[in-house]
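Heads up: the protein sequence lines correspond to chains A and B, in order. Each residue of the first sequence is one higher than the last, beginning at 1 in my numbering. Each residue of the second sequence is one higher than the last, beginning at 1 in my numbering.
Quick caveat, the hints were computed from the structure, so don't treat them as lab data. For every residue, glycine included, the Cβ atom is placed at its ideal position computed from N, Cα and C. One should not assume that every hint holds.
Simulated coverage check for chain B against chain A, where a stretch passes if three residues somewhere in it have a Cβ under 8 Å from a Cβ of chain A [said to hold, decoys possible]:
no.	region
1	68 to 78
2	134 to 146
3	176 to 190
Some, not all, of what chain B presents toward chain A, calculated at C-beta under 8 Å [unchecked claim]:
no.	residue
4	His223
5	Gly274
6	Lys288
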Amino acid sequence: MTTGSRSLSEPVPGTVSRRGFLRAGGGVAALAALPPLLTACSSSGGSDKVRIVGVADQQKPIEELLALYRKSHPDPAFSTSFAPTDQVQTVVRTQLAGGNAPDVHVLFPGSGSAMSMVELAKAGLLTDLGGQKWTQRIPKNFDPAYRHDGKTYLYSAGSSVIGAIYNKKAFATAGVQPPRTWSELLDVCAKLKAKGIVPIALGAQTPWVTQLISYALVPNAVYAKTPGFDADMAAGRAKFAGSGWADALGKYQELQRKGFFNDNPNGTTYEQQTSLVASGKAAMAVQVSAVLANFRQATPTPDDLGMFPFPGGDNPAELWIPAGIVVGLGVAAHAKNPAEAKAFIEFLGQQENINRWATAVSAIPFTRDATTEIDPALAGFLPIIDANRAVPFMDQSWPNAEVQPAHFAAVQELLAGKTDVAGALGKMDQAYGKKS
Amino acid sequence: MNSLPDTATSGPEKPGPAVGGAPAKSGAPAPAGRTRRHRDATLPPWAFVVPALLVYAVVVLYPSLAGVVYAFTDWSGVGDFAFVGLDNFRTLLNDDRALESVSNTLLLTLAVVVVQNGIGLLLALGVNANIRSRSLLRVIFFAPAVVSPVMVAFLWKYVYNPDNGAGLNGILGALGLGGLRQDWLGNPSLALWSVAAMVVWQYAGYSMVIFLAGLQSVPAELHEAARIDGAGTWQRFRYVTWPLLAPALTINLMLSTIGGLKLFDQVYAATNGGPGTSSETLSTVLYKEAFVFGKFGYSTAVALVLALFVAAVSLVQLRYLRAREVTA
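This is chain B alone, in the form it adopts within the complex (with noise of 0.2 Å):
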C-alpha cells in the first residue's frame, strides 16, 4: 500500500482555473490569440440567448416596470385614477389580512424549500445508483412537475376530500389509522400544510432532477481517492458529493424559494385562502385585491413589495449560496 504514488490522493497536478469556464490563469501564461479565439468560440451561445431576452424584455420586463405606478394611485382597474403617494404602502402596513398572509407566505415558503428539496435530493441519491429500474423511477418521479398546478391542485381536492372512506382518509382507515383522518382542507390549522405537501408532491422530483444533474458531474476519481482514503460512504457523501452539489443546492433553492413566496395556483385552487383566511398567500391576497375588490392600485402596491421582497431574498441567498460553492 505503501507504494501507491502519492497522486492517487492528490491527483495530477494541472495548471487549472479555480472555477469551472474561466481561462486559466495560472500556470504556463496563455499564448496571446487563445483567449479571443476562446471569446470567439463562447459568444455563438449567447447570441442565441438574444432574440430570447429581447421577445423577455418586450413582453416582460417593460410591462412590469411600466405597472409600477400604479401602485402609487388609487386606480380601480378601469376609468381614471389619481396618485396617492405613499398611501397604498401605509394601507399595507395596517391591513391584517395582508399582514397575516406574509407570515403564511413565510411559513409556506420554509416548508416547500425545506421537504420538497430534502426529498428532492434522496431521490436523486436513490436514482443515481444502480439500480435497474432508475430511468422509469426517474420519469415516474418527475412527472407530477409537468402537470399544470392547478390540474394537481383540483386531483388533490379529491385526496383530501373528508368523508371517511375517500381519498386520503379511506387510505388511513384502510390501514386501520382512522385516528389520524382529518379535515385536511377544510381545517384553519391543517390548510396551509395540507397545501404544502401537494406542492412538494408536486415539484420534488423537479428537484430531484436538478440534484442528478449536480450528483452525474461529481467526478468518480475523487470517489475513488476518497475510498482508498478509507472514506466511508457516509464520510464520501459528506466531503465529496455535498460540496460538489452545491451548485445543484444553489439553484434548487433559489426556485423553490421564489416558487414559494410567489405561489399561487395550487393555494387558488384547493383553499382560495380559506377556510376564513387561514391560507392566504401574498399572491392569492394581490390577486383578489385587483380582479375581485377592483383595487389596482393597492394591488400593484403589494405586488411591488414581494417582488422586491423576493428579489432581496433571492439575492442574499444567491450571495450566500455562491460564496460556498467549490468545485472538483
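For reference, chain A alone in the conformation it holds in the complex (with noise of 0.2 Å):
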C-alpha cells in the first residue's frame, strides 16, 4: 500500500529532519535579520601611506596632478580612492568619527552638506591651510565658501556655472541662435518644439538634477534684486515663500506647462539627460558646467556641444548667473600624515596646478594668469563673472543639510503636480528652519 521508506513521524536520533530545519529557521531569521538595522559601517586603515579620498568628479585631477607631484616628490607613497558622492559622505564621515580619517579627503565648499566645509570645521576636524601662499590669492567674496572663523580649511581650483548646454545642430535644425533673455528662451523653445525637438531635456529622477532650473532662475529672480537675501534670511526677515524663489519656480513650471521638457522627467535619469543632448533629440539641459566632459563623451562630435548662460531675466546687460566653488579637498585634522598632507596640498595651490585642475573639471580658476586657459564653453559666462554678477550655488550659504534635499522633493513633487509653488517653499522654510 504505502510506497514510503521512512517513517512519518520520528526522526533518527541526532539527524536534522527537513521539516524540523525549517521550523528552527523561523526563529533565526528573525533573530538574524534584525540586528543590522542598528549596526552602523566601519572601517579601519593605517598604513604609512597617505590617503586621498575623493568623489568621482575628482578623479581626473587628482590622478594627473598626483603623478606630476611624485616625479619630484617619490616618497612618501599615496594612495587614492574615489566612489560617488553620497558613498564617500557615508564612508568618510564614519571614519572621521572613527579617529581614522584620510589625510586628504573631499571637502564640500561652504555649509549646507555633511561634508561641508563649515560643518567639519565646526567639528574641529579640519587643518588650517592659511599659512599656504595660495590662499592670500583667494578672492574675498569667495571666503564663505573656503573659510571659516578667519581660517582657511578648503582647497578648490575655483568656480563651475550653471547655464544651458546646447546641441548645436539641434540649434540650427531649427534655425535659432542661443537665447539672450527669458522671452527669447520662450521663443526658442516653441521653434524647437514646432521642429519635433525636445527643447530641455530634464533628468529629474536624478535628484541633484532638479536643483538646476531654480539655481539658474534664482539669481536673477532674486539676488539681483535682493543682493542681502542669504544675510535676511539667516536673520529670519525673509522667508522662501513670498520671495523672489516664487517666481523662479513658476517660470520653471511654466517650461513644463508649455511641453518644453521631454516626457515624464520624474522618471528620466541624468544619464538619459546627457544621452538626449548628446543625440539631438533634445537641444539643451540646463547643467552645470562640471559636467561638460560627460556630455562631450556621450558624442562622437563633441564640437557639437556649447554652453550658454540660461536667461532668467529679460535685461541680457543685466543677467545674473551661478557660479559655485566646485567640490575641493580639506587635510584632517587627525591626519596620520598632516605634514605631507600639507605639501601636496601647497603643490595643489600652483597656479599651473590650478589651472590642470580648473580645466579637467571644465571650471574658472578663483585665480588666474596669462598661462590659464578656459573652456572655450565657457566664454560667454566670463563677462557676468568679472561684473560681479555671479552669485554662489545657494546650498551653499544654507544653515543645515536639509533645505537641499528638501528643495529636490519640492521640485519632483511639482513636476507631479502633487504641490503648488507655496507648497513646495513651505516644505523648503520649514526644512531652513530645522537646527543643523
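From the two separate chains plus the hints, produce the assembled complex.
Right, dumping it as C-alpha cells:
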C-alpha cells in the first residue's frame, strides 16, 4: 500500500529533518535579520601611505596632479580612492567619527551638507591651510566657501557655472540662436518644439538635477533685486515663500506647462538627459559646467556642444548667473601624515596646477594668469563673473543639510503636480528652520 | 473496496511524538540510556554553530546594542554629543516625512509579502510537478535572488524607462497595449508599487525554494491515502499539502515581512525615496538622517523604533504561525 520508506513521525536521533530545519529557521531568521538595522558601518585603515579619498568627479584632476607631484616627491607613497558622492560621504564621515580619517579628503565648500567645510570645521576636524601662499589669492567674495572663523580649510581650484549645455546642430535645424532673455528663451523653445526637438532635457529622477533650473533662475529672480537675501534669511527677515524664489519656481513650472521638457522628467535620469542632448533628440539641458566632459564623451562630435548662460531675466546687460566653488579637498585635523598632506595641497595651490585642475573639470580658476586657458564653451560666462553678477550656488549658504533635499523633493512634487509653488516653498522654509 | 484494511486511511499506529524532533513521550517508555544518547547525538550540530554565533555576537550584536545609546543624544556623527533624553522620539512623532515613510513601508511590506509568497507558492507547485524541465526552471526562477539588489534596481531602471520605445513601455507598445504605458518610477502614485514589483521579481524564486523544501517533505502516503478516500486535487492541496506546508509558510512570511520592513537597497537605488517623498521607507529615512543630514542621534532613534517594530511584528507572527503548524 504505502511506498514511502521513511518513518513519518519519528526522526532518526542525531539528524535534523527538513521539517525540523525549517521550523528552527523561523526563529533564527527573526534573530539574524534584526541587528543590522542598528549597525553603523566602519572600516579600519592605517599605513604609512598618505591616503586621499575623493568623489568620482575629482578622480581625473587628482590622479593627473598626483602623478606630477610624485615625480618630484617619490616619497612617501600615496593611496587614492574615489566613489560617488553619497558613498564617500558615508564612508568618510564614519572614518572621521572613528578617528581614522584619510589624510586628505573630499570637502564641500561653504555649509549646507554633512561633508561641508563649515560643518567639519565646527567639529574641529579640519587643518587650517591659512599659512599657504595660494590662500592669499582667494578673492574676498569667495570667503564663505573657503573660510570659517578666519581660517582657510578648503582647497578648490575655482568655480563652475550653471547654464544651458546645448546641441548646436539641433539649434541649427530649428534655425535658432542661443537666447539672451527669458522671452527669447520661450521663443527658441517653441521653435525647437515645432521642429519635433525636445527643447530642454530634464533628468529629474536624479535628485541633484532637479535643482539646476531653480539655481539658474534664482540669481535674477532673487539676488539681482536683493543682494543681501542670504543674510536676511539667516536673520529671519526673509523666507523662501513670498520671495523671488516663487517667481523662479513659477518660471520652472511655465517651462513644463508649455511642454518644453521631455515627457516624464521625474522618470528620466541624468544619464538619459545627457544622452538626449548628445544625440540631438533634445536641444539643451540646464547643467553645471563640471559635467561638460560627460556630455562630450556621450557624442562622437563633441564640438557640436556649447554652453550659454540660461537667461532668467529680460535685460541681457543685467543677466545674473550662478557660479559655485567646485568640490575640493581638506586635510583632516587628525591626519596621520599631516606634513605630507599639506605639502601636496601646497603643490595643488600653484597657479599652473590650479589651471590644470580647473581645466579637468571645466571650471573657472579662482585666480588667473597669462597661462590660464578657460574652456571656450565658458567664454560667455566670463564677462558676467567679472562684472560681479555671479552668485554662489544657493545651498552653499543654507544652514543645514536638509534644505537641499527638501528642494529636490519639492521640485519633483511640482513636476508631478502634487504640490504648488507655495507648498514647495513652505517645505523649504520648514527645512531651513531646523537646527543643523 | 470494503475489504481494504482500515490502516490505509488511518495509517499504522506508531508511538510517535506529536511534533517532529522531540523524543518520544508517549507509548512505551524509552530506555534509561536513550535520552542521553539522543542528546549526545544532537550535540554536534549546535557545537558547530557556536563559533559563528560568537562572531555574530561580537561583530553584529554588541555594536548594535552599544549603538542604542546614541538614540538619546544629539550626535552629528562627528565630534561631541549631548544627551537629550527622549527628544529624538518626540521629534519622530511629529516628523511628517518619517510618518509618511511608515505607511509606505507597511504598504510595501504587505504587497511584497502577499504577492511574493503567492507567486513563490505557485512556482513551487509548478516545479514540484513531474515535468521534464523542472530542474532548469528551478534554477531560472531562483537566479534573480543571487543578484545584488542594487544591480537589480539598476537593471530595472532600464525596464522602467519612461520612453515609449524602451523597456516595459516598449513591450506594451509592441503588444498593442500602448494605453498601459506609464512613467513607472516618475509617477508618485506608482513608484512604490513599481519598486514592490521589482522586489517580488527578485525574491519570488527564493520563496519558491523554501516552499519546495516544504512540499518535498509532504509524505506521499498521505496523498495516496487521500486519493483513495476520493479527495480531488484541490482537496488534497487544501487538506493535506497546505497544513503540512505551515513551517515553510512560517519562514517565508517571516523572511519577507522582515525583508519588506527594512527594505533599503532597491528603493534607494531605484527612486531614492522619490519622486518627492512618495517612495520613502523607514530605512531610507534613517539612512538620510544619518549620512545626508548628519543627524546620527535622531537616525539611531528611528533605527531603534524600526528594530523594535520589526521584532514585535516578527514575534507576533511567529507565535501565530507556529500555533497553526501541524505535522504528518
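Checked hints:
1. 68 to 78: Contact hint for the region 68 to 78 of chain B vs chain A: holds, 4 residues under 8 Å.
2. 134 to 146: violated (count 0)
3. 176 to 190: Since three or more residues must qualify, the claim that chain A covers the region 176 to 190 of chain B holds, with 6 doing so at under 8 Å.
4. His223: violated (10 Å)
5. Gly274: This interface hint holds because 5 Å falls under the 8 Å limit.
6. Lys288: Because about 7 Å separates B:Lys288 from the closest Cβ in chain A, which is inside the 8 Å limit, the hint holds.
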